Amino acid sequence: MSTMSMAAALNAALRNRMEADPKVLVMGLDVGKLGGVFRITDGLQKDFGEDRVIDAPLGESGIVGSAVGLAIRGYRPVCEIQFDGFVYPAFDQIVCQLAKFHNRSLGQVKMPVTIRIPYGGGIGAVEHHSESPEAYFAHTAGLKVVTCSNPSDAYWMLRQAIECDDPVIFFEPKRRYWAKGDVDTDARPAPLHKAHVVRPGRDATLVAYGPMVATALDAARAAAEDGSELEVIDLRSLSPIDTDTVVQSVTKTGRLVVVHEASVTLGMGAEIAARVQERAFYSLEAPILRVGGFDTPYPPSRIEEEWLPDVDRILDAVDRALSY
Amino acid sequence: MSLHGHVPPEPDLIQLLTPEGIRVEHPDFPLSITDDEITSLYRDLVLVRRFDAEATALQRQGELGLWASCLGQEAAQVGAGRALRSQDMSFPTYREHGVAWCQDVDPVTLLGMFRGVSLGGWNPNENNFNLYTIVLGAQTLHAVGYAMGVVRDGAVGSGEKDRDTAVLAFFGDGASSQGDVNEAFIWAAAANLPVVFYCQNNQWAISEAVERQSRVPLFQRASGFGFPGVRVDGNDVLACLAVSRQALDEARSGQGPTLIEAYTYRMGAHTTSDDPTRYRLTDELETWRLRDPIERVRAYLVREAGVGQDFFDALDAESEALAERIREACRTLTDPGPLSPFDHVYAEQTDELAAQRAGYVDYLNSFEGAGH
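Just so you know, the protein sequences line up as chains A and B, in that order.
Residue 2 in our numbering is what sits at position 2 of the first sequence, and the numbering runs on without skipping anything.
Residue 1061 in our numbering is what sits at position 61 of the second sequence, and the numbering runs on without skipping anything.
Hint data in this document are derived by calculation from the structure and do not stem from the laboratory.
Possibly wrong hints are sitting among the right ones.
Label pairs and their computed distance ranges (CB to CB) [to be verified]:
1. A/L266 <-> B/L1339: 26 to 36 Å
2. A/E127 <-> B/L1013: 41 to 51 Å
3. A/E19 <-> B/G1179: 33 to 43 Å
4. A/D295 <-> B/G1116: 31 to 41 Å
5. A/C96 <-> B/R1278: 40 to 50 Å
6. A/E229 <-> B/E1126: 56 to 66 Å
7. A/D186 <-> B/R1085: 46 to 56 Å
8. B/S1086 <-> A/L266: 44 to 54 Å
9. B/R1085 <-> A/C96: 23 to 33 Å
10. B/L1339 <-> A/V311: 42 to 52 Å
11. B/R1212 <-> A/A274: 43 to 53 Å
Just so it is clear, the structure is predicted and the values come from calculations on it, not from any experiment.
Glycine included, every Cβ here is placed at the ideal spot set by N, Cα and C.
Please construct the entire structure, taking both the sequences and the accompanying hints into account.
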């Protein structure tokens, strides 16, 4: 057991997989000497060489497209997209090629490609550096989509993503990169696609993932002071979704609020709400509510704290659910 | 002079066999080839054309939903395909039936996606022929990635004939405008990858003439990326073979990428759903008919190689037998079951999708007499 930041945990996971499997390559912009703009790949090129930690030409479609070709040749590439808003030039390669290749080949060619994407806001950045594009990918058959909220999950989930024989879009909550936590590198990890109940409660369920888990936990602590016990679920996997864990919780609490930074319309919250009303209709004591980004482009950073879901907006939704 | 006064030089069209069937030499691309080998290439061309014609007919009969004909481009494809060594990898678009033929892919295998019984379904590593890629240009980046793997595997510049590997990436004049193709050029150049980019300029991207795509001859684009580009007579199988061999050899030996523009013509429609009479003139078609890739080889074989009628009669019979086999086999390509879409979405099936499948099974079984 050791204490480390999420950034260090991700780095350790990459190092672990590169040591274990010579077919694992890391590629992306500035991942070599610089160690990535967030230093997640720090030191890897020095230790594994320029042909395993590849500073790519500046083209996201090229990064993912060449990863597809490397996979055909038997490699296991881990791509870094520098920021969430820069993934779109690679969208075609991800959606039309990476996601569909295994199916197109009738299972004869695997696509064990991991695409790491730092995502979400709260870092005071310029446009395109604070987005939450996860729903696009969760909507696409053939991809698996996961996100971590703490250093331990960052370590284990990235290892599991790289080991997975399917393409995994791995969203990293960039504003939590430097928060520290315990990581037990000898532990037996939970399955990659299992949601975690991170705080038990009986009055209402909060579902969050990635950067919003810490915010949801803050909200639950505040609610506890007012006498409401909120159960907080860290969803972890966005495709597939561990619906059972959410339904189990809502069956107990009768109330559900889903929280994410992404715009609410057709976001993950919409899918979770649809599934829960289908499976726990008679347990629901209130409509399922969503707290998320508004249906606007991500705002200029000086007002992003107003735009992003925070403890107060979550509690406002919880109050509405509880008083229904 | 003004920058815009510069006129690019006229392209040198590399040709080793004239449309009249006369063998000519090119100083940079000598080709040592026997008449038996030319006869064998002729057989490839004829059989590919016969297969292609049969597939078009099968579409007209309702056996295929669609067909993308390679009529007129047989030499460009067979010349390149026959330049490959067994360890080389090829990345086609969706029209390289002639290359598939050279890579020993059964023509019937290609029909599945056009009949609508599969999305491709073959194993790219079995015949070193990637799955057909429909989104234009995407496969050029796959070729680049594959070539990165080749380099990392030490399969370039080792000097071992059976080890050194080249990657052949096909695309067309239309796809040359795609970002992916340009990114592929950049990546291949920057890392000096063993990729030969093979652009079949068939003059038409559905209804858009090549002038829509470029104000310079396409092969000249290579120089801006820092590697050689050549234009070859794409209807001359000998020239396509010679230039492809040279480029692939240089790739295998570690000299990096090349762009080959095979200057040819799409004699048929874009696909069976297209109507080229709406956008191009019959005159143009007639001009290109005189440059037919097969007739010139036949003229050479008859006049210069003394190939007799017996050979042509036997080849006709072989063609008809091939067509019959394809016809019969096409009709027996059965529809996949309604549950098959669930089979290969993931290598590691998710509980979620397994549950969705199970629900669909229950639904199907709810009909009387159903059994799935």
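Against the structure, the hints come out as follows:
Separation of A/L266 from B/L1339 is about 28 Å and conforms to the stated range, judged on CB atoms against 26 to 36 Å. At about 49 Å, the beta-carbon gap between A/E127 and B/L1013 stays in the expected band of 41 to 51 Å. For A/E19 and B/G1179, the Cβ-Cβ distance of about 36 Å falls inside the hinted range of 33 to 43 Å, so the restraint holds. The beta-carbon spacing between A/D295 and B/G1116, approximately 39 Å, falls within the hinted interval of 31 to 41 Å.
Distance hint for A/C96 and B/R1278: a CB-CB separation of about 29 Å, inconsistent with the stated range 40 to 50 Å. The supplied range of 56 to 66 Å is met by A/E229 and B/E1126, whose beta-carbon atoms lie about 59 Å from each other. Checking the proposed 46 to 56 Å range against A/D186 and B/R1085 shows it holds: the Cβ atoms sit about 49 Å from each other. In this structure the hint that B/S1086 and A/L266 lie 44 to 54 Å apart at CB holds, the actual value being about 49 Å.
Between B/R1085 and A/C96, the C-beta spacing of about 30 Å keeps the proposed range 23 to 33 Å intact. For the pair B/L1339 and A/V311, the supplied restraint of 42 to 52 Å holds, since their beta-carbon distance comes to about 47 Å. Remark: the range hint 43 to 53 Å for B/R1212 to A/A274 is upheld by a beta-carbon distance near 45 Å.
Checked against the numbered hints listed earlier, the structure breaks hint 5 alone; every other hint is satisfied.
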